[in-house]
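S.K.: Going down the list, the protein sequences come from chains A and B.
In this text, residue positions in the first sequence follow our numbering: the first is 712, and each later residue adds one.
In this text, residue positions in the second sequence follow our numbering: the first is 329, and each later residue adds one.
Just so you know, the hints here were simulated from the structure itself, not pulled from any lab data.
Please note that a few of the clues may not be correct.
Simulated crosslink set (EDC-like; lysine to aspartate or glutamate; CA at most 16 Å straight-line) [what the hints assert, rightly or not]:
#1 B:428 x A:785
#2 A:848 x A:874
#3 B:532 x B:546
#4 B:428 x B:588
#5 B:428 x A:828
#6 A:927 x A:891
#7 A:848 x A:828
#8 A:727 x B:546
#9 A:917 x A:785
#10 A:727 x B:588
#11 A:838 x A:824
A few chain A positions that, by computed beta-carbon distances, are all more than 10 Å from chain B [to be verified]:
#12 795
#13 800
#14 814
#15 817
#16 822
#17 941
A virtual CB, placed ideally from N, CA and C, is assigned to each residue, including glycine.
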Amino acid sequence: MSSAKIEFRDLSKHYKDVLAVSNFSAQVQSGRVTGFLGPNGAGKSTALRCLLGLVTPTNGSALINGGGYSQLEDPIRKVGAVLDSRGFHPGLTAKQNLKVMASATDINFSRIDEVLELVDLAGTASKRTKGFSLGMKQRLSLAIAMLGDPEILILDEPANGLDPLGIVWLREFLQKLAGEGRTILVSSHQLAEMQNTVNDVLIINKGVLVARGSIKEICQGGSLEEAFLELTFKK
Amino acid sequence: MSQLLQSELRKLTYLRANWLLLLWSGLFAALGTVAPIMILNSDENRLSGGFSGTSTPEGINAVFANAASGYLFALILGILIMTNEYRHGTAVGTFLVTPKRSTVLLAKLMAASMAGLVVQLFSFLMAITSGFIALTFFEPHAPVAAELLFKVFRAAAISGLVLGIVGVGIGALIRNQIAAVTGAVIWTLIVEGLVVAFVDSIGKYLPAGAITGLVDVDFGKNDFNFSIDNYLTPGPATLVLLGYAALFSLIAMRTTLRRDLD
């Protein structure tokens, strides 16, 4: 798992007249948890979607292990992603949603029970997801991301909608995954939580990278929230 | 590809709504044969000298030609296969597992075609069975020729295979599920029906017109001045339908391959 790496090279994305991401360059080192921070509309989600091949960059590139996402062989085993709390059909049960994903590749169905156990959803595996709370949906999204036991995890606002108990659970979950040496890139607004979880930080504002470094370098003895506000709103 | 197709078929079979749609297709097609039997044998129709009753081969033809009418549901199922991905956000997961979108599209087109075939075979069976049961109330009736059933079966099967694909193309073009389904229903039940009935020079090239040509059954002279001679013969009609399948496959490919998934 030590060779995993994510790289943005001069990434730019325009939507008609809107510049979502501008010449964004950064690296995410393997085996580390990197927080991807920025105000709403800063370009985080767009950059992550470019990385996952869902959005075509206007210029530049976003690479995983040195290549584009679409060039990965069996990508679900290399990269797991949570982009929003949707991504599964409300008319299907949690287990059926996972079976649909697993059967598209050669993942054994026994793995489904493992990931449901991992995210504490084993008890609700046979319930239709339309009745799921936002927190349960986030857990199911994480289960889908973990289905291929990937070495890289890309998580966009995984704490959205989680109650305090859920946030604690997510922190422990990410710390456990990080402890296994996985590379994790996580965007979040939960700055206090991020400070306890991440090794490195990327801060983006108005599509432009404004800071990068280890958590210690960014915080300089203060809190991540203070550093974030200083780097985004006061500039 | 077989894994992807299996995944698509799982999506189809797991969803209760799809089974309900299949049931509706059967009821719709059954109504298509039962209602004409009731109307043709009604006193008003007999006394007014309108359509032939089911005691004549023309009347039987008019009844059983409708047994291929469930194709609207094959079209709707194709639309749902595509639009469900955008409506529920599952397109992201689908394309993360298989980033080569053309492969995903191909699996969807195959699944939709198979599903369309199942819909049409089921609705054909429902229509034929209901028609035979309804005819027992109006004995004696003209015999139902095996050739007639074969022609309608052929039309049902081909239209099912094709319209599932057309549905995926429509769904790729119009990602809003309600708009796509509503538009398809209005087009099929109203616009296309009127064009096929009254402007057959154009109508025979539309899907419903081509299916009518493929059914290749004449009702004899009647109030609507319908004559199968105004439609394409089964060979060209099949080619027209395959042309629609190719066109809408191309539309599905081009729109899905290029779009950003925001």
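S.K.: Decide, hint by hint, whether the structure agrees.
M.R.: To see whether the hints hold, each was checked on the structure:
no.: 1; hint: B:428 x A:785; result: holds (11 Å)
no.: 2; hint: A:848 x A:874; result: holds (13 Å)
no.: 3; hint: B:532 x B:546; result: holds (15 Å)
no.: 4; hint: B:428 x B:588; result: holds (14 Å)
no.: 5; hint: B:428 x A:828; result: violated (31 Å)
no.: 6; hint: A:927 x A:891; result: violated (22 Å)
no.: 7; hint: A:848 x A:828; result: holds (15 Å)
no.: 8; hint: A:727 x B:546; result: violated (55 Å)
no.: 9; hint: A:917 x A:785; result: violated (34 Å)
no.: 10; hint: A:727 x B:588; result: holds (13 Å)
no.: 11; hint: A:838 x A:824; result: holds (14 Å)
no.: 12; hint: 795; result: violated (7 Å)
no.: 13; hint: 800; result: violated (5 Å)
no.: 14; hint: 814; result: violated (5 Å)
no.: 15; hint: 817; result: violated (7 Å)
no.: 16; hint: 822; result: holds (14 Å)
no.: 17; hint: 941; result: holds (30 Å)
Of the numbered hints stated above, those contradicted by the structure are hints 5, 6, 8, 9, 12, 13, 14 and 15, listed in ascending order.
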